[in-house]
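Line by line, the protein sequences give chains A and B.
The numbering of the first sequence is our numbering, which starts it at 1 and goes up by one.
The numbering of the second sequence is our numbering, which starts it at 380 and goes up by one.
One or more hints might be untrue.
[As the list claims (entries may be wrong)] Computed list of lysine to aspartate or glutamate pairs in EDC-like fashion (alpha-carbon distance at most 16 Å, straight line): (1) Lys359/A - Glu42/A; (2) Lys64/A - Glu414/B; (3) Lys389/B - Glu42/A; (4) Lys243/A - Glu278/A; (5) Lys148/A - Glu453/B; (6) Lys454/B - Glu333/A; (7) Lys389/B - Asp195/A.
[Unchecked claim] Covered stretches of chain A, going by a simulated chain B footprint (3 or more residues, C-beta under 8 Å): (8) 159-165; (9) 228-241.
Keep in mind the hints are simulated off the structure, nothing from the lab.
Keep in mind that this is a model prediction, so the values were computed, not measured.
Cβ coordinates follow ideal geometry from the N, Cα and C atoms, glycine included.
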Amino acid sequence: MSASSSNFFSGTADAGALEVSLGPHHPSTHGVFRMNVRMEGETVVKLQPVFGYLHRNHEKIAEKNSWLAAMPYTDRLDYICSGTNNWAYAVAVEKLAGIEVPERAEYLRVIVGEMTRLQNHTAFLGFILGDMGAWGSALMYAFREREKILDLFEELTGARMMLNYARFGGVRCDTPAGWLDKARAYLATYPAFLDEMEQFLTGNEILLSRLQGVGVLSAQRAINGGLSGPVLRASGVDYDIRKVDGYSIYPRLKFRVPRGEVGDCFDRFMLRLLEARESLKILQQALDQIPEGPVVNPAVKQRGFKPPAGEAYGRIEGPKGELGFHLVSNGTEKPYRYHVRPPSLINLTLLEEMCLGTKIADVMVILGSIDIVLGEVDR
Amino acid sequence: MNFPGSGIIKGMAVTALNIVGSYFDRAHAKRLITEQYPEERPKLAEASRSFPFLVFDGDDPEKGIRCVACKICEKECPPQCIYIVKDTDANGKPIMRPKVFDIDISVCMGCQICVESCPFESIRMDNIYEVSGYDRFAPLVLHKPQLLKSNAYYHGIRPTEAAATDARIEAARLRKEAAAKAAAAKVAAAKAAAAAKAAGEKAAETKPTQPE
Chain A
1 MSASSSNFFS GTADAGALEV SLGPHHPSTH GVFRMNVRME GETVVKLQPV
51 FGYLHRNHEK IAEKNSWLAA MPYTDRLDYI CSGTNNWAYA VAVEKLAGIE
101 VPERAEYLRV IVGEMTRLQN HTAFLGFILG DMGAWGSALM YAFREREKIL
151 DLFEELTGAR MMLNYARFGG VRCDTPAGWL DKARAYLATY PAFLDEMEQF
201 LTGNEILLSR LQGVGVLSAQ RAINGGLSGP VLRASGVDYD IRKVDGYSIY
251 PRLKFRVPRG EVGDCFDRFM LRLLEARESL KILQQALDQI PEGPVVNPAV
301 KQRGFKPPAG EAYGRIEGPK GELGFHLVSN GTEKPYRYHV RPPSLINLTL
351 LEEMCLGTKI ADVMVILGSI DIVLGEVDR
Chain B
380 MNFPGSGIIK GMAVTALNIV GSYFDRAHAK RLITEQYPEE RPKLAEASRS
430 FPFLVFDGDD PEKGIRCVAC KICEKECPPQ CIYIVKDTDA NGKPIMRPKV
480 FDIDISVCMG CQICVESCPF ESIRMDNIYE VSGYDRFAPL VLHKPQLLKS
530 NAYYHGIRPT EAAATDARIE AARLRKEAAA KAAAAKVAAA KAAAAAKAAG
580 EKAAETKPTQ PE
């Protein structure tokens, strides 16, 4: 407790203000993150995120390695959804070098990407309940379903979480025999799980009182803050890169972009449930339409890959928002500059604004509703 | 049903169904059952990967080793966890065989890039997952004798991939043999032609001398 001098912030604190350091030990389930909070009573009057505890020098490692060697490192950015991280990097490199991707590879990328989104949003349902203190059932139910998607990933790519699946101009390997049918059969049971989750959670009065009207973010502020993904859409902005850019095969697939109205934690929570249902629609179409053919462009040399000199910014709609890679090549076999635009970090920038004036217990819920992974924030 | 607290009751009904259902309802029980791990082991998918190993043909690891110490995997490895030293013969001349082949699995991230880059089908992904030691460093550096595993083992863990690999090696061998045969035939033909030519020349040489 500090009466006159501040421990964390510059300047002096009012008498009676309490300063608390939340973290850095695992304040929720998202990684090692710390927040310095100044409170008057229980009301937050100042909040400062402190990050960097999980910094692993991702960008510089990528600049010291070959183009392909950065691919497995992208898995470790947002370790919940590595499938989309690979994809975003591959998209950026393909844009840089002007590589065509075969049809089947595009479908496989969409299938893996949407399954990644599905399991990320499912895990989110459990995580946010954990942030609210309801540690247990919700997380277990969510992880039970996520586990089966991870098993499908393991059969396809060899790893449950660190897929390392995308390659320049395609994907690493074709599906094993019967995998598509297995995926189809499993995903057919998924709507029942989402219904169950909805019955389990959305009507719950305690949950509603913890979520509704908490951490409201206006559309204007969300746009000005550069937010993206579900957090932006929950504030009522219709912006989904799958629709805006129309990359890969998304223009061919029918799906809707859900939007929130209020921009509070409840909207962010419901938006994930709705997006999971849209992902299921996309998956169904992709699994039905997937053509035969090669899964990687044979003209691309993966080892000793040398794109022409130039720069490119490739982006996709990751489960957490716009994931982009800005690459600069000088024609050698290493990237000259490799920059990641992580959705988690940029969505985190408005954390203080959402938290001011709320109670300290709501800070965790707001942090959870943004859905960050510190592997991506700190890189 | 919309009185205050009905949402909580609905939620609790789901929990109750899950608890009771996990005992009786097969549809629920099918969802996911805890594996009694050390007694019961999961059946891993064929693609499942953990750390690399080296394949050898036949029964003798030293003779059958496929690795030629070209060091491509060492160069390509993203976290640089492979260390190779080329072997030398009695005269100190380097030969196509690794003297040292170490993989530090405390650094290895199981990305499979070494497997993709190996042109000799020598390094492959294992699916072992019970690797631990009492020390941070020494037990986690796998040396050549620990890394070398037979082709039969490879067939055991990944039948489809191993069969494809064997087919590729066999095709390459046949191609090489055919090329060798063709080359031999060419050499033989050239020899025969040379011999015929020589014979002809000899004949031509001997012809004028015949009247003598």
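Looking at the structure, which of the earlier hints fail to hold?
Structure breaks hints 2, 3, 5 and 9.
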